[in-house]
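Participant: Below, each chain spelled out in residue letters.
Protein chains: 2
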Amino acid sequence: MGSQAGEFRVSRQTWQFTRDVRLVSSATAVGPKEGEGPLGTYFDKVYDDMYAGQDCWEDAERQLMEDAVQLALDKAGLTEQDVDVIIAGDLLNQNITTNFTAEQLVIPLMGMYGACSTSMLTLANAAALVNAGYVNRAIAACSSHNATAERQYRYPTEYGGQKPPSAQWTVTGAGAGLVGIGGNGPRITYATIGKVVDMGVKDPFDMGSAMAPAAVSTLQTHFTDTGRTPRDYDLIVTGDLASVGYPIVKEWMQREGYDMEGVYNDCGLMVYSPEQEVFAGGSGCASSAVVTYGYIVDQLNKGLLKKVLVCATGALLSPVSYQQGNSIPCIAHAVALEGGEA
Amino acid sequence: MGSQAGEFRVSRQTWQFTRDVRLVSSATAVGPKEGEGPLGTYFDKVYDDMYAGQDCWEDAERQLMEDAVQLALDKAGLTEQDVDVIIAGDLLNQNITTNFTAEQLVIPLMGMYGACSTSMLTLANAAALVNAGYVNRAIAACSSHNATAERQYRYPTEYGGQKPPSAQWTVTGAGAGLVGIGGNGPRITYATIGKVVDMGVKDPFDMGSAMAPAAVSTLQTHFTDTGRTPRDYDLIVTGDLASVGYPIVKEWMQREGYDMEGVYNDCGLMVYSPEQEVFAGGSGCASSAVVTYGYIVDQLNKGLLKKVLVCATGALLSPVSYQQGNSIPCIAHAVALEGGEA
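These protein sequences, in sequence, are chains A and B.
For what it's worth, the working numbering labels the leading residue of the first sequence as 1, then goes sequentially.
For what it's worth, the working numbering labels the leading residue of the second sequence as 1, then goes sequentially.
No lab work stands behind these hints: they were computed from the structure.
One should not assume that every hint holds.
[As the list claims (entries may be wrong)] If you anchor each label on the Cβ, the simulated ranges turn out as follows: (1) A:Gly200 <-> B:Thr79: 23 to 31 Å; (2) B:Pro274 <-> A:Gly182: 52 to 60 Å; (3) B:Pro247 <-> A:Gly182: 43 to 51 Å; (4) A:Asp298 <-> B:Gly227: 44 to 52 Å.
All C-beta atoms, glycine included, are put in the ideal place defined by N, C-alpha and C.
Working from the sequences, and respecting the hints, build out all of it.
Facilitator: Dropping the structure here:
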């Protein structure tokens, strides 16, 4: 169980967790559209309206994150006192959903921001701190809400602004993973931390194209660093590239010699059905968070999946940077999850 | 040099770094007002206007962070290729300063957000990852800019809105600390991660009062967890409580049995002189960052200070949460720095 200097460093960007670090439990809470989607039955709590019993959308998003964390604790039979730290982030300015959730739960907070990559950024950091023995248990969490994101990033919702088909639909939901040592949950074995990649895309209604190169960069780095190939996984997902970004990554990886045919999917394509009118597909931190902490963890626990790589993608723009004419800096962070019994 | 499970966990909130983790180098870049302040000579780069040679304030803030990181690398005789990760954050929405800086430097990025506590949040995380051996070297960095913060958090600057004396002046600057193992720089020995504390203060023009309880919480936790007392340090600083929050913390700690007389100061009071018309004093991530990475590191390197505790304070509100009538959630993260030769 001891560790040597550098034992956890596989390379500049990839860490290995050798101390039986696991998702002790995980939970999700979502809005109505997500509940009606193809993965609806995998989510722990489905609200039938966007307000989740609150008076405004921001409070609703807070409710979703609190639900996800509380349900993860309940499933593990633990209370907030059993957790040393919550490592979390969201899409709202100043991470406000996260801040109020941590206040409510009275768990020490480390706030993170990686746009929609926050799901795996927080999980990677939680696993690192648990694996090294800084904390006994950590919660990784993130959230997004369609209506809070719309009015913050784009137009007042009531304005009803039109969008091109390459636009995406921000997932309303939150996911939380409780990370600890031992047990039967999925093991967290590797994390690959991304670099910022910016190919000059400036259109905030085409995040899929903007983020695809960041996903390719992190996936290639992960395979090179670990000596693994796409065939070592039975599922590789990106976070929210949707129907525009997904084929770019697939083809680009193919060209670079990584055949992901049959094992590659995108959370933004999995969370909604095409009939749900979501433009190119889902986006937001919650896209990868609810698919991972809902569907993927379930499949790993049932043995229906053995090894999964979740590569969460994030577009690190701000409305101001976009208005000032800047291109969209993007990033992707990947975490490997493996069936608990292996 | 090996580590055992839990060796680094002193308690729920406090970590110990036992592997000779040090600030290999650090650097700061500031605006004109900070250059004219009492610590002006300790800053590496002082711009004589708020634009720092750029076309807009947001680009100026980016320039400050790039300068701080680049100068820290230069001082250590290293390049960006020698650093595994930059762990950084700022006050602008979506951490945009951080994102563009990481893009420019091509260093893998972990984005964090803790409002003005980001300076020590990022340093704590950097020290943790280096100490455990996930990365060989990490850069912790943060920035704030008076003009970008004013227009984002308060009023368009041109509006010339008046403020009460309890308001604070956002520091224009950036600080970066390069963390590695060994050498002669200040040792990073402990970090105490804060909980969110919210005593119901709702006035965004009185951040000092809002943040003081969070500072008290983290300071008390640090002393309890480490068995240290204020007398074990020759300097204890909070980040940006300024003239309203500073006496609250001092008196409150006194009442709780911690006499900080003669060893306690606040970076928001140190960075400007009272004649500089800064209302109650400095604020912003850069307040604690430039004082720590400029003045405090210098004094530690010269042996004029031996043990310093930096308790960076953050007000985790957003303009939306304030407008929606919420109180201000606050947090403080503390890091202990000790003279390199000890």
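Participant: Does each hint hold? Answer for all of them.
Facilitator: Structure-based check of all given hints:
1. The hint said 23 to 31 Å for the Cβ distance between Gly200 of chain A and Thr79 of chain B, and at roughly 25 Å that hint holds.
2. Separation of Pro274 of chain B from Gly182 of chain A is about 56 Å and conforms to the stated range, judged on CB atoms against 52 to 60 Å.
3. For Pro247 of chain B and Gly182 of chain A, the hinted distance range of 43 to 51 Å is satisfied, since their beta carbons lie about 48 Å from each other.
4. Between Asp298 of chain A and Gly227 of chain B the beta carbon distance is about 45 Å. The supplied range of 44 to 52 Å therefore holds.
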